[in-house]
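Participant: Take a look at the letters that make up each chain.
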Amino acid sequence: MNMLDADALTIADAVRRKRISATEVAQMFLQHIRRQNPKFNCFTFVTEDIAMADAKSVDAAVAGNGVLGPLCGVPYAVKNSFDVHGVQTLAGSRINAERPPAPRDAAAVERMRKAGALLLGTLNMEEYAYGFTSENAHYGAVRNPHDISKVAGGSSGGSAAAVAAGLVPLALGSDTGGSIRLPAALCGVFGLKPTFGRLNRDGCFPLAASFDTVGPFARNVDDLAVAYQAMLGVGADLHRARPAIEHAPHSGRREVGNVRVATAEYFDEYLDDDARSAMAHVAQALGSTRSVTIPEAGRARAAHVLITAAEGAAVHLASLRTRPMDFEPPTRDRLLAGAISPATWYLQAQRFRRWFCNELAKMFEDVDVILAPASPCAATQIGAESMNLGGRELNPRAYMGMFTQPISVAGLPVLTIPVLREGKMPLGVQIIAPPFREDLCLRVGWALGWSGAVHAKIVSCGMTDTSAARSHQVGHQSGKS
Amino acid sequence: VITVAALCEQLAGDVMKALQVDPSSDEVIDRIAHAVGLAIPPDVRTGVVLAFDGLGKAAAEIMDFPLFDAESAPVIAP
Numbered sequence: 001m002n003m004l005d006a007d008a009l010t011i012a013d014a015v016r017r018k019r020i021s022a023t024e025v026a027q028m029f030l031q032h033i034r035r036q037n038p039k040f041n042c043f044t045f046v047t048e049d050i051a052m053a054d055a056k057s058v059d060a061a062v063a064g065n066g067v068l069g070p071l072c073g074v075p076y077a078v079k080n081s082f083d084v085h086g087v088q089t090l091a092g093s094r095i096n097a098e099r100p101p102a103p104r105d106a107a108a109v110e111r112m113r114k115a116g117a118l119l120l121g122t123l124n125m126e127e128y129a130y131g132f133t134s135e136n137a138h139y140g141a142v143r144n145p146h147d148i149s150k151v152a153g154g155s156s157g158g159s160a161a162a163v164a165a166g167l168v169p170l171a172l173g174s175d176t177g178g179s180i181r182l183p184a185a186l187c188g189v190f191g192l193k194p195t196f197g198r199l200n201r202d203g204c205f206p207l208a209a210s211f212d213t214v215g216p217f218a219r220n221v222d223d224l225a226v227a228y229q230a231m232l233g234v235g236a237d238l239h240r241a242r243p244a245i246e247h248a249p250h251s252g253r254r255e256v257g258n259v260r261v262a263t264a265e266y267f268d269e270y271l272d273d274d275a276r277s278a279m280a281h282v283a284q285a286l287g288s289t290r291s292v293t294i295p296e297a298g299r300a301r302a303a304h305v306l307i308t309a310a311e312g313a314a315v316h317l318a319s320l321r322t323r324p325m326d327f328e329p330p331t332r333d334r335l336l337a338g339a340i341s342p343a344t345w346y347l348q349a350q351r352f353r354r355w356f357c358n359e360l361a362k363m364f365e366d367v368d369v370i371l372a373p374a375s376p377c378a379a380t381q382i383g384a385e386s387m388n389l390g391g392r393e394l395n396p397r398a399y400m401g402m403f404t405q406p407i408s409v410a411g412l413p414v415l416t417i418p419v420l421r422e423g424k425m426p427l428g429v430q431i432i433a434p435p436f437r438e439d440l441c442l443r444v445g446w447a448l449g450w451s452g453a454v455h456a457k458i459v460s461c462g463m464t465d466t467s468a469a470r471s472h473q474v475g476h477q478s479g480k481s
Numbered sequence: 001v002i003t004v005a006a007l008c009e010q011l012a013g014d015v016m017k018a019l020q021v022d023p024s025s026d027e028v029i030d031r032i033a034h035a036v037g038l039a040i041p042p043d044v045r046t047g048v049v050l051a052f053d054g055l056g057k058a059a060a061e062i063m064d065f066p067l068f069d070a071e072s073a074p075v076i077a078p
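Chains A and B, in that order, give the protein sequences.
Residue numbers in the first sequence follow this note's numbering, run continuously in steps of one, and reach 481 at the last position.
Residue numbers in the second sequence follow this note's numbering, run continuously in steps of one, and reach 78 at the last position.
By construction, these hints were calculated from the structure, which means they are not laboratory data.
Since the model is a prediction, treat every value here as computed from it, not as a measurement.
One or more of the hints may lead you astray.
[Said to hold, decoys possible] Derived Cβ-Cβ restraints for the label pairs, each shown as a range:
#1 A:Gly423 <-> B:Arg31: 50 to 58 angstroms
#2 A:Gly287 <-> B:Gln10: 46 to 54 angstroms
#3 B:Arg31 <-> A:Gln381: 53 to 61 angstroms
#4 B:Val36 <-> A:Gly140: 29 to 37 angstroms
Backbone N, C-alpha and C fix where the C-beta goes; we use that ideal spot for every residue, glycine too.
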């Protein structure tokens with residue numbers, strides 16, 4: 001029984017009904033990863049021992065008629081900024097490779113294991129999550145499965161690309177300024193950035209504490225919703241997850257109904273024709289003719305840039321003092337600049353953030369959901385130093401996230417949906433809802449998927465291509481013993 | 001009258017100016033770096049100054065934005 005083309009819930013159903021064992025599923029995907037990963041450079045460690053131990057537990061529960069989680073037997077992988085017991089938390093850096101393996105799992109990994117998911121490995125990313133392309137000088141660039149000469153988007157590029165390449169049906173990433181939304185869009189899969197503070201990020205290596213949020217990638221909205229629900233819970237860290245779920249996602253709802261949808265207007269001059277038509281396609285599918293203006297989006301992006309630089313610098317100050325040359329140049333330069341920036345800049349940015357949150361809350365008095373581009377254009381070439389947007393030459397690593405950064409400042413939940421066009425690279429649209437209304441994002445996403453207006457594009461490489469296996473260079477980590 | 005935004009731009013500009021005069025000078029950037037225990041390696045100085053200039057421009061966008069006292073910076077409650 002071939003599960004490589006199946007979505008997460010189909011796999012869980014097959015395992016639950018004993019049509020295939022979790023061990024067989026794990027072996028199937030591990031073999032697929034060994035053969036196909038070298039093309040895409042998604043994985044930095046394949047946690048075979050952990051996957052097989054997870055699978056054994058699930059199979060024992062199935063055999064003993066024990067309690068089965070909603071993701072029983074479903075393979076997944078995590079951005080290598082998530083702690084995994086026995087594995088080094090690289091966070092895309094050379095510096096962290098000298099640290100000891102993590103002593104315990106991140107909260108999200110614990111939750112996924114309780115739901116029955118099988119951890120297959122850790123995934124490549126931008127160094128310290130500080131960028132939008134996942135071009136990593138230490139571990140190589142993540143390659144976009146739809147065109148391996150192009151970037152996957154970042155910083156959770158390995159997570160999005162692993163799902164798009166069919167290496168796993170589910171993956172976890174984190175989003176500080178667009179790091180889930182952007183790679184999901186550029187790789188043609190679904191991604192959910194929950195409300196800031198909704199999910200426990202304990203055990204996830206930080207970039208900027210004011211914005212860091214963990215979330216899932218998947219090939220459809222059903223899988224995304226189940227993974228999101230599996231990770232809900234109260235956290236033990238200072239940044240406590242919000243426990244109250246007032247509006248649980250309801251998978252039975254397949255229509256938009258009376259949800260009021262509007263299109264956001266900001267940075268329009270930077271949007272290329274393809275991204276503009278992707279927005280129009282989704283707005284038309286939802287019957288939306290209304291538009292709203294995001295107030296002071298430019299200043300919101302400026303506040304995001306300042307807060308991220310200052311908070312990121314604080315995280316890495318010790319390494320910046322002792323070994324600055326071990327960072328990638330773009331990461332190092334921005335962190336050093338953040339370390340010497342005046343406190344008044346940071347505090348004014350935080351004050352502006354409060355104002356911006358209040359203004360967006362007023363906007364949601366008249367609309368329920370806002371549509372916005374996920375990126376100004378499709379994936380750029382790996383190594384491109386600039387892209388032309390609105391007649392200006394801009395660096396993709398910094399500017400690809402211009403449509404996602406302002407939304408991060410308000411901490412809103414966002415579902416990124418893929419928009420596919422014949423013969424062209426994928427694009428994405430953000431579905432933005434008020435704080436803690438992930439259910440609205442998912443409801444609109446379900447409706448769009450159900451109508452056929454949007455769907456993910458998975459590059460299935462099959463099991464017969466052995467040429468890639470010979471050049472296989474993925475590290476293997478024994479993990480838990 | 002000089003605005004706070006203009007001062008931000010000036011601060012970033014001063015660093016650039018100092019560099020144009022003498023890239024190894026112990027001017028603004030080095031003094032601030034020293035205060036937080038950092039030394040900017042000479043061969044990465046240009047990149048750091050460009051990044052700092054970018055932050056200065058971002059700060060200039062928000063420093064004069066009118067905010068009320070109620071929108072002050074977050075306070076940690078016990």
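Participant: Evaluate the given range 53 to 61 angstroms for the C-beta pair formed by Arg31 of chain B and Gln381 of chain A.
Facilitator: 41 angstroms, violated
Participant: Could you tell me whether the CB distance from Gly287 of chain A to Gln10 of chain B stays inside 46 to 54 angstroms?
Facilitator: Since the Cβ atoms of Gly287 of chain A and Gln10 of chain B sit about 51 angstroms apart, the hinted range of 46 to 54 angstroms holds.
Participant: Could you check the hint for me, namely that Gly423 of chain A and Arg31 of chain B are 50 to 58 angstroms apart, CB to CB?
Facilitator: 56 angstroms, holds
Participant: Has the hinted range 29 to 37 angstroms been met by the Cβ atoms of Val36 of chain B and Gly140 of chain A?
Facilitator: At roughly 33 angstroms between Cβ atoms, Gly140 of chain A and Val36 of chain B fall inside 29 to 37 angstroms, so the hint holds.
Going down the numbered hints, you'll see the structure goes against just number 3.
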